[in-house]
Amino acid sequence: MQAFFFIAFPYIALILAIGVGLYRYFSHRFTYSSLSSQLLENRHLFWGSVSWHYGITLILVAHVLPWLFPQVAEAVLGDATRLVVLELTGLALGFYCVFGIIVLIARRLPNDSRARAVTSSMDWILLLVLAFQVLSGVGVALFERWGSVWYLSTAVPWLWSLVRLHPDASTVTGLPVFIQAHLISGFVVILLFPFTRLVHVFAIPIEYLWRPYQVVIWNRDPRQPVSSTSAKAPTVSMPTPAPNDLDRRRLLVRLSLLTGSVSAAIVGIPSIAFLLGLRKAPEVWRSLGAADSFQIGQAVEVSFLDSSPLPWSGVTARTAAWLRRESPEQFIAFAINCTHLGCPVRWLPNADLFMCPCHGGVFYKDGTVASGPPPKALVTYPVRVRDGMVEILTSPLPITSI
Amino acid sequence: MRVLKQIWRWFDDLTGFSQSLGPIMAHPVPQARKTRWFYVFGSATLIAFLVQVGTGIALSSAYVTGSGQAYDSLRFITSSPIGRIIRGIHYFGASAMIILIGLHTIRVYLMGAYKYPRQMNWLTGAGLLLFTLLMAFTGQLLRWDQMGFWTAVVAAEQAGRAPLIGNWLGHFLLAGNTVGGATLSRFFAAHVFFLPALMFLFIAVHLYLVIFNGISEPPKAGRPVDPRTYRRWYHSLLEREGIPFWPQAAWRDVFFGAIVVLAIFVLALVVGPPELGKPPDPTIISASPRPDWYFMWYFALLSLIPKWSERWVIILGPLVFGLFLILVPLLGSRVERSPLRRPWSILIILSVVFVIAHYWVIGIRAPWSPRLDALPLPSSVVGVADGPIAVGARIFYDKGCEYCHTISGYGGIRGPDLSDAGDRMSPAQMATRIFSGAENMPSYRGNLKPEELASLLAFLASRHRMQLPKPPALQGLVQQGATNGR
Numbered sequence: 001m002q003a004f005f006f007i008a009f010p011y012i013a014l015i016l017a018i019g020v021g022l023y024r025y026f027s028h029r030f031t032y033s034s035l036s037s038q039l040l041e042n043r044h045l046f047w048g049s050v051s052w053h054y055g056i057t058l059i060l061v062a063h064v065l066p067w068l069f070p071q072v073a074e075a076v077l078g079d080a081t082r083l084v085v086l087e088l089t090g091l092a093l094g095f096y097c098v099f100g101i102i103v104l105i106a107r108r109l110p111n112d113s114r115a116r117a118v119t120s121s122m123d124w125i126l127l128l129v130l131a132f133q134v135l136s137g138v139g140v141a142l143f144e145r146w147g148s149v150w151y152l153s154t155a156v157p158w159l160w161s162l163v164r165l166h167p168d169a170s171t172v173t174g175l176p177v178f179i180q181a182h183l184i185s186g187f188v189v190i191l192l193f194p195f196t197r198l199v200h201v202f203a204i205p206i207e208y209l210w211r212p213y214q215v216v217i218w219n220r221d222p223r224q225p226v227s228s229t230s231a232k233a234p235t236v237s238m239p240t241p242a243p244n245d246l247d248r249r250r251l252l253v254r255l256s257l258l259t260g261s262v263s264a265a266i267v268g269i270p271s272i273a274f275l276l277g278l279r280k281a282p283e284v285w286r287s288l289g290a291a292d293s294f295q296i297g298q299a300v301e302v303s304f305l306d307s308s309p310l311p312w313s314g315v316t317a318r319t320a321a322w323l324r325r326e327s328p329e330q331f332i333a334f335a336i337n338c339t340h341l342g343c344p345v346r347w348l349p350n351a352d353l354f355m356c357p358c359h360g361g362v363f364y365k366d367g368t369v370a371s372g373p374p375p376k377a378l379v380t381y382p383v384r385v386r387d388g389m390v391e392i393l394t395s396p397l398p399i400t401s402i
Numbered sequence: 001m002r003v004l005k006q007i008w009r010w011f012d013d014l015t016g017f018s019q020s021l022g023p024i025m026a027h028p029v030p031q032a033r034k035t036r037w038f039y040v041f042g043s044a045t046l047i048a049f050l051v052q053v054g055t056g057i058a059l060s061s062a063y064v065t066g067s068g069q070a071y072d073s074l075r076f077i078t079s080s081p082i083g084r085i086i087r088g089i090h091y092f093g094a095s096a097m098i099i100l101i102g103l104h105t106i107r108v109y110l111m112g113a114y115k116y117p118r119q120m121n122w123l124t125g126a127g128l129l130l131f132t133l134l135m136a137f138t139g140q141l142l143r144w145d146q147m148g149f150w151t152a153v154v155a156a157e158q159a160g161r162a163p164l165i166g167n168w169l170g171h172f173l174l175a176g177n178t179v180g181g182a183t184l185s186r187f188f189a190a191h192v193f194f195l196p197a198l199m200f201l202f203i204a205v206h207l208y209l210v211i212f213n214g215i216s217e218p219p220k221a222g223r224p225v226d227p228r229t230y231r232r233w234y235h236s237l238l239e240r241e242g243i244p245f246w247p248q249a250a251w252r253d254v255f256f257g258a259i260v261v262l263a264i265f266v267l268a269l270v271v272g273p274p275e276l277g278k279p280p281d282p283t284i285i286s287a288s289p290r291p292d293w294y295f296m297w298y299f300a301l302l303s304l305i306p307k308w309s310e311r312w313v314i315i316l317g318p319l320v321f322g323l324f325l326i327l328v329p330l331l332g333s334r335v336e337r338s339p340l341r342r343p344w345s346i347l348i349i350l351s352v353v354f355v356i357a358h359y360w361v362i363g364i365r366a367p368w369s370p371r372l373d374a375l376p377l378p379s380s381v382v383g384v385a386d387g388p389i390a391v392g393a394r395i396f397y398d399k400g401c402e403y404c405h406t407i408s409g410y411g412g413i414r415g416p417d418l419s420d421a422g423d424r425m426s427p428a429q430m431a432t433r434i435f436s437g438a439e440n441m442p443s444y445r446g447n448l449k450p451e452e453l454a455s456l457l458a459f460l461a462s463r464h465r466m467q468l469p470k471p472p473a474l475q476g477l478v479q480q481g482a483t484n485g486r
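Going down the list, the protein sequences come from chains A and B.
For the first sequence, my numbering begins at 1 and goes up steadily by one.
For the second sequence, my numbering begins at 1 and goes up steadily by one.
To be clear, the hints were calculated from the coordinates, so they are not data collected in a lab.
Hints are all accurate, no fakes.
Okay, derived cross-link-like pairs now, SDA-like style, lysine to any residue, Cα gap no bigger than 25 Å in a straight line:
| id | chain 1 | residue 1 | chain 2 | residue 2 |
| --- | --- | --- | --- | --- |
| 1 | A | 365 | B | 285 |
| 2 | B | 278 | B | 95 |
| 3 | A | 376 | B | 436 |
To be clear about the criterion: a stretch of chain A counts as covered by chain B if any three or more of its residues have a C-beta under 8 Å from a C-beta of chain B, and this derived list gives those stretches:
| id | region |
| --- | --- |
| 4 | 311-325 |
| 5 | 335-349 |
| 6 | 358-364 |
| 7 | 369-378 |
Beyond 10 Å from chain B on every Cβ pair, some chain A residues (computed):
| id | residue |
| --- | --- |
| 8 | 46 |
| 9 | 60 |
| 10 | 68 |
| 11 | 69 |
| 12 | 75 |
| 13 | 96 |
| 14 | 109 |
| 15 | 121 |
| 16 | 138 |
| 17 | 148 |
| 18 | 150 |
| 19 | 195 |
| 20 | 266 |
| 21 | 267 |
A virtual CB, placed ideally from N, CA and C, is assigned to each residue, including glycine.
Excised from the complex, chain A in its bound form (with noise of 0.2 Å):
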């Protein structure tokens, strides 16, 4: 049974898509259309189509494009924000596909409604399968999480191996059946495909892009100009373009502001990328010296180097802190960054203090606020002994954020 849906089913869905849609090309040429309805209706028409075809293609394309480049999904796939947001967006535009094809079928569901005048029985059955694929779709990346990992171990190498005219089916058949069932419906959208108006994908009018402009005239001029209220008339007047000359106009200036924009993004995406890219530095352990030179219950002054030093950080390279070592075995250090503004406060030996030198905060000598307005206590640098070493965890300089 599952050798007949998955490897011989696929076949003769592909012959029967290809070999009809042939004839039907060559025999009924302009039924490769998708007889548009938009005469009769347009408003719920609108709502449904729009979201239908954009939600469709774009599903489409993360259907198809992990398919063709299974090692490329693999690597964009591998980090969990990108796989989030792409599972994320997948599922937001299979509910915007389920809205576009709910509405599609409702507006032909009214007996007197003109839609519904123009439903063949072929209208209905595509409807159907292409709502059940949606709605298996939806429900797949529901309850079957991360489905765009999965379907590059699954799905991908059965397509592959029928394409490769050894069909394997063995990654497939142990699916949960609505998984199966979602798999085999797609190849019978593939198979109504010559059968119903779904032949309109190949007659996409994108010649209309290059094609020569055509001359529509208008009883009346169709924009009427808004009359300009600026009292600088224009120093070189061009000649009143056409009314039919506007369309291609704008057209190019479209264009023009399309490729602009592109050639910009290629340029500044990655320039802004780089501009935000924080380097992640590791955190090392860097040691401070003996843990016996340091005498207990006495803030010192130490420096270390911090965890990303460049051949050219000099100085800056340096990071200090306090350092009190308070039993033998157990130091503390903090940062001198006061939780204020960042001065560098000082110990005060016989006070016991820390103070700030920008706006006076305090802190006692455990960190906690004494004064002034640092909102919180010292950060502290985690420390270890080791081998008779202290040593110190370079960290960020702290920020105070609220």
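The hints should help you fit chain B onto chain A, whose structure is shown.
For chain B alone, coordinates are given in the frame of chain A:
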């Protein structure tokens, strides 16, 4: 001379400059009459900016953008006589630019020149004001001595108070976890490329708008702006009594600009650039970061506002200021322009100027900063060489009291002056205060041994209002006068 003229003719024939730019230079402007000298601040700001561009390019030819070497390269620049002058010009040029853009803003605001149709002139100008302040800030940092280093830290800390993104923003400014190799490059790029590019762009738009909308005519009380008729009225005004900008109005700009340049140069020569402090070594902790003079008032403002409001003011203060600048031309952009009919505008400017001047003066004194460089009290102040009072004076210093409290002119001014503490408080009151501390004073509970406390109280109790020694000859007179007075 004739050759030069011929060259110019040939050049002009090929470029058409005298036909295209000539009319722009000579475009008619309204006569400003009594207020004509108020119109020079904008062009003077531009001249100061050009001074900055020139000297900045010169400085950048020797400045090394490396956190480890920038300081030494600045030392090198300062060690050459001309380098020293260039640095001085760049510093005083920055100061001049801040002052001039401030005067220009005040002039435009008071004269209502931001009203219809010149709102966009104001908004681009507001952008330029913001960029100028950012340039001043980043420029101070590029000095990359100890002050520059701590400026970066304080900037990151202030950015850190932004909600949600604060921590990220702070480390973004530092270009890493800590101040290090990448930090200076980031500020250098902002100061030398990013901000100047924006400024050139905004200046171009600003100047274009000045030409497009025309220079505002001096306001007249009782002559409100009506957007429906203003442009027509303005053009008829120009036709009636306009004068060509070049040279009849522009000569004042040139003249005043030259004075500004001369003043900058003389100051650079006589006063010289700000001294470089200690190297930017994070481990030299004896640092007391202070901003340059133009941010001194802001430093004071942040120090004197109530503690609870600080987290709001640090972030909202600049935002509110920016919002004010944006809203000025959007609200009330019609009606009266004359300051005589806009008393609130005069009041606002006076208060802003007064507040800034006031905080600036306080900022220089910085009474909120403890004086960590205070020295132990000399025996002439203490009065005795040994005994509990002398021990108490020593404890007064050792425990850090003197960093905040003045005794007879020695010590800090963060806390109350204790020169006459013995007259004002009983030892019991003093002990209470020392133990309990206060908002800005740490508690010394557990920090003082009983005998230390006793000596400290003895010392403080011995502080009395200064008795001026009186010449013996006058003693009788004074006593007599005192009795008579009663």
